[in-house]
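A.B. asks: Starting from the two chains in their separate frames, assemble the complex, guided by the hints.
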Amino acid sequence: MSSHIRQSFVMTRANIFSLPRRVSISLSMVLSVALVVCVLAGFLSMAKGFETALQSAGSPSVAVLLGGGTNQETGSDIPASVIRTLEAKTDDIGVARHDDGSLILSREIVVTVDVKPVGADAGRTIALRGMDAAGSSIRDNVHVSDGRLFASGTREIVVGDRFARELGLLVGETIRLGTVDWLVVGRFSAQGSAFESEIWADLDAVRSAFDRQGQVQSLRLRLAEATSLPLLQSQLSTITTTPLIAVSEADLYAAQSGRTASLIRLFGWPLALLMAIGATAGALNTMMNSVSDRTVEIATVRALGFSRLSAFMGTWIEAILLAAIGVACGLTISWLAFNGWQASTIGANNARMAFQLVVTGDVMLIAGMLGLAIGVIGGALPAIAATRLPLATALRSRG
Amino acid sequence: MTSSLNHDPYISLSKITKGYKISGDDVPIFSNLDLEIPGGDFVAIMGPSGSGKSTLLNMLAGIDRPDTGSLRIGTSRLDQMSEAARASWRAHFMGIIFQFYNLLPMLNVAENVELPLLLKPLSAKERRSRVEKVLDLVGLTGRARQYPKLMSGGQQQRVGIARAIVSDPALLLCDEPTGDLDRKSADEVLEMLRFLNRELGKTIIMVTHDPQAALYAKRTLHLDKGNFVEERRAAL
Ligand SMILES: Nc1ncnc2c1ncn2[C@@H]1O[C@H](COP(=O)(O)OP(=O)(O)OP(=O)(O)O)[C@@H](O)[C@H]1O
Ligand SMILES: [Mg+2]
Numbered sequence: 001m002s003s004h005i006r007q008s009f010v011m012t013r014a015n016i017f018s019l020p021r022r023v024s025i026s027l028s029m030v031l032s033v034a035l036v037v038c039v040l041a042g043f044l045s046m047a048k049g050f051e052t053a054l055q056s057a058g059s060p061s062v063a064v065l066l067g068g069g070t071n072q073e074t075g076s077d078i079p080a081s082v083i084r085t086l087e088a089k090t091d092d093i094g095v096a097r098h099d100d101g102s103l104i105l106s107r108e109i110v111v112t113v114d115v116k117p118v119g120a121d122a123g124r125t126i127a128l129r130g131m132d133a134a135g136s137s138i139r140d141n142v143h144v145s146d147g148r149l150f151a152s153g154t155r156e157i158v159v160g161d162r163f164a165r166e167l168g169l170l171v172g173e174t175i176r177l178g179t180v181d182w183l184v185v186g187r188f189s190a191q192g193s194a195f196e197s198e199i200w201a202d203l204d205a206v207r208s209a210f211d212r213q214g215q216v217q218s219l220r221l222r223l224a225e226a227t228s229l230p231l232l233q234s235q236l237s238t239i240t241t242t243p244l245i246a247v248s249e250a251d252l253y254a255a256q257s258g259r260t261a262s263l264i265r266l267f268g269w270p271l272a273l274l275m276a277i278g279a280t281a282g283a284l285n286t287m288m289n290s291v292s293d294r295t296v297e298i299a300t301v302r303a304l305g306f307s308r309l310s311a312f313m314g315t316w317i318e319a320i321l322l323a324a325i326g327v328a329c330g331l332t333i334s335w336l337a338f339n340g341w342q343a344s345t346i347g348a349n350n351a352r353m354a355f356q357l358v359v360t361g362d363v364m365l366i367a368g369m370l371g372l373a374i375g376v377i378g379g380a381l382p383a384i385a386a387t388r389l390p391l392a393t394a395l396r397s398r399g
Numbered sequence: 001m002t003s004s005l006n007h008d009p010y011i012s013l014s015k016i017t018k019g020y021k022i023s024g025d026d027v028p029i030f031s032n033l034d035l036e037i038p039g040g041d042f043v044a045i046m047g048p049s050g051s052g053k054s055t056l057l058n059m060l061a062g063i064d065r066p067d068t069g070s071l072r073i074g075t076s077r078l079d080q081m082s083e084a085a086r087a088s089w090r091a092h093f094m095g096i097i098f099q100f101y102n103l104l105p106m107l108n109v110a111e112n113v114e115l116p117l118l119l120k121p122l123s124a125k126e127r128r129s130r131v132e133k134v135l136d137l138v139g140l141t142g143r144a145r146q147y148p149k150l151m152s153g154g155q156q157q158r159v160g161i162a163r164a165i166v167s168d169p170a171l172l173l174c175d176e177p178t179g180d181l182d183r184k185s186a187d188e189v190l191e192m193l194r195f196l197n198r199e200l201g202k203t204i205i206m207v208t209h210d211p212q213a214a215l216y217a218k219r220t221l222h223l224d225k226g227n228f229v230e231e232r233r234a235a236l
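From first to last, the protein sequence lines are chains C and L. Per the UniProt record's numbering, the first sequence starts with residue 1, numbered consecutively. Per the UniProt record's numbering, the second sequence starts with residue 1, numbered consecutively.
Simulated from the structure, these hints should not be mistaken for lab results. The structure presented is a predicted model; accordingly, all values stated were derived computationally and were not measured. Just so it is clear, CB atoms sit at the ideal spot from N, CA and C, and this is done for glycine as well. One or more hints might be untrue.
What the hints assert, rightly or not - Partial pick of chain C residues on the chain L-facing surface, computed with a CB cut under 10 Å:
no.: 1; residue: Ser18
no.: 2; residue: Arg22
no.: 3; residue: Ser24
no.: 4; residue: Ala133
no.: 5; residue: Ala134
no.: 6; residue: Leu169
no.: 7; residue: Phe267
no.: 8; residue: Arg302
no.: 9; residue: Arg308
no.: 10; residue: Leu391
no.: 11; residue: Arg396
Bound-form chain L, shown alone (with noise of 0.2 Å):
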């Protein structure tokens, strides 16, 4: 199952639709949405505050479900799937990179790291050698005891981004990564997530505001009234 999936990705929503109920009225986001993503792509979502980027993040994610449509990844259903399938399936196919972070305060930068790890059937010793590794990789080398508070943004994003691929995932979500960031903190998560992207092969998804991180995606896609217009293909 694990391999069938990292091998092949290919993220397929056909006639989505979701809404909320807002104040008893219903709010339609998405009325008839379509969309591919081939595994290996590395895609940009813009589009004015409200159009939805969010909510397609968390229904790619398995958080949020759409009313109606089928969103397939790989050889999966997500629309189909239980809640707590879902979660399975998050745990094992996917990395989540959020805006604010989100690591747990009280726990150290290698415990924030290891919590994937912990759903998966590792010792201890597994556990925290794969942790070693993830934290070399995105350069926090002999931080592993820090705790979160005392870090920098740029930093904290980067365990943020370390907690994301410890358990290798084919799959990377990012909800605005560098939202939070200055513009040379953003600029190193940015050519990370390139570098996980082209020498990895992780197929990543990363909504952003930023133009100028959009432009580190290999193309990028424009929400607009519901759905999607191509902006732009990288020349490679």
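So here's chain C without its partners, still in its complex pose (with noise of 0.2 Å):
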């Protein structure tokens, strides 16, 4: 061992042995450092939670077909010809079929549609989805928890769970939808996703109600395989020239949750940073008391020969101990309190979603480098200190 390394060991040995003549003002720099991991954890493991949530909701067996420019269903259009000439096709093209040689596939169209419930003054802004016999099917975890399915052109309606829940809607009531009533017969679960906060009905009754002959949105089609996918998008460059999108569930899922995650990171880090800040200048005064308290046991050392780079060292790695021991802290308390914690936000098609934070290892890791930051970066300017006491004066004082 290379004396500076044995001097700067003992330095900090000795540091950390007078901790508990500062117990309160070292236990609150590590509280401040736990606090700012705590906070950025909880934000990461949000976004992080969002994300995890809306793939695993998303299928990678099950296209989403989507026309226009657009990889939203608001603003796209798919026409005729195109699902017509898709149907006409007799060899594979990468999507099931049913036992009479079909397509397994939804036209879909949304209109988005008020309620009001009874008594309430305010309406609120919902998705109504019209689609083929096949849709509900062509989405993986839904099932009809209560009633059954809307029948083929008749205006009968199944409610997504969580609406019929926060409006309180049975089975057998009817609700007007436009300029015309419905009769719900039916309730479905979606696994708490963003299909729970829809109504859906038979595509040609939303059509008419609502003045859309002839209109489809987007194409459902459940994929033959998962691997399927370029199968399908190959076939339909062939078909037609008008630009479409085909992309797996999964994916679209995917890309809609990342602006929403990235949205949670960007107000989750300005605060972390901004609490980061604090905590340093909250470490800086920490560590300048440290200094200031072993001034005379710094200046003795120093006086037998020690070098000033282990005065350095001894002071910045106790600052960024403390600083480990916040990041340890704050990892547990994050782990104990975010991981697995129910939340929800507004998803796609503005329906509430929910979801659970996921404290990953990526999350721990990079709440932990700022905690540690706080200690580099506070401990820096007090080790410098460390090494220009004026020996003089501080032998001076009664050690």
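C.D. replies: What follows is the structure, encoded as structure tokens:
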């Protein structure tokens, strides 16, 4: 071991043993670091949880077809000719087929409607989705929780569980959507995903009620296999020059969640950084206090011949150690408090969506680094101060 | 390098000036100080409070530096050395004994005494055996694991002495080593210093207020108005 390392080591050890003299101020530094780590870990795990929830909600073996140069349903349009050509294809285009050989697909449109709960003043904007009969079966994790599905050609609707709960809607009631009344024949659950905040009805019924004859916004297809998407994409490019986007449901949600997750991070980072700056100032104060508390000790060993470097390292390592303790506390608390915590936010189509916070290794690493940075930066200046102590003055005072 | 200095720690101060700025005013402490101390001497430095005794000792230790003049110890010009060089110089050639012992309270006796040895290329085993030897020498056998706080002033100062001599320096600087001790403990410490001077050949410079303490030295210098007056030279 080189002499410098040995000196630094013994200085650090002496510092740590002297920590009980500075318990409260050292604790305050540990706590402020822990707080910063908690805040950042909280936001990051929220963003992460949101992504995870949406990514797992989407199935890789369902393809969503969008047209009109958008990757959202709103504003998308698929020409009828494309659908006819697709349906006429008899060779393998990567899409699963019914027993009769027809493609498993659902043509869909979404109209936003105002629903006014009985007795409420303000209405709520909600997505009414018109779909083919196969529509609900091309969504994994969806099942009818009460009543039955709508019948073709009727003004019947099934209502997502979350929305039904919020409005207190029961099977057998009628509600007015647009200019006509609709009969609630069933409710469905979708494992908390965004669909649960929608109303589903027959495609043609929705088209005629809202004057959207012939319109198709999106096409949902069950792929033959999860790996069939490229085949479908290449087939599409041969039958039409219309720009069409075929993505897996999983990717579609991932893209949508990306925006919200970025928003959460965009809010979390500045807050955490601002707090980190405050904590750094606190760390600076703590370590300045430590240096002045150890003035005589530092001057004594320097008088014995210890190097400036050892005075620097002893102080700096103490700061980093305190920060590390704070990081450990912060991560433990984050893990216990946040991991698996339920939260909800606004998801796609303006519907609330629920998700779980996940404190992943990445999240812990990043939050931990920020916490350590507080010690590294906040400890540096006091460590320099420790090397600049005027020895003659310091040695005057009683040790 | 070690041997040349350790054989002849001849101290020579020439035309030293030193002052402090106190609230804007330059206050001179030494204006033209000359001093020669041959190796093997045991010098007591006395003088009124504020006359600059500690300042002189700090300059000899390389903790403080003269404003002008030359300060030579052995073959080294302390006034021309960098801060780092002086620190390393202290580590190799000098032991310092403080009035208030300046032991590190969170380290035990052995760890305190070991500190100067950490600056040398010694194995842990060598360090341990040196610490043990020097603790025997100052009469603290078996106290290695004790903490300084639990010891009497005299015992703590003996730890301080052990720390100062553990790396076997030629020169010992003591700033009022008995200033905080009762008569009996003071005499024990002074006996020890005399032993170190006579038997081990250490050159010792001791600042003291206590005329009794000065009697242990070979000669006493009185610092007055920034210069020395030789007060007494031991009969022997
Ligand atoms: N770092 C400093 N800054 C300003 N003035 C100082 C400093 N060090 C010493 N002095 C002044 O220099 C003078 C000499 O101080 P010094 O400590 O050397 O005296 P001393 O002889 O050791 O006194 P005492 O017997 O009280 O220990 C004093 O007036 C003191 O106030
Ligand atoms: Mg003094």
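A.B. asks: Hints first: check each against the structure and report whether it holds.
C.D. replies: For each hint, the structure was consulted:
1. Ser18: holds, 5 Å
2. Arg22: Violated. Min distance 12 Å.
3. Ser24: violated, 18 Å
4. Ala133: violated, 80 Å
5. Ala134: violated, 76 Å
6. Leu169: violated, 71 Å
7. Phe267: Status violated, d = 45 Å.
8. Arg302: Since chain L brings a Cβ to about 7 Å from Arg302/C, closer than 10 Å, the hint holds.
9. Arg308: Hint on Arg308/C: holds, closest Cβ of chain L at ~7 Å, below 10 Å.
10. Leu391: At about 5 Å, which falls below the 10 Å cut-off, the nearest Cβ of chain L leaves the hint on Leu391/C intact, so it holds.
11. Arg396: holds, 7 Å
Violated hints, listed in ascending order, are 2, 3, 4, 5, 6 and 7; each of the other numbered hints is respected by the structure.
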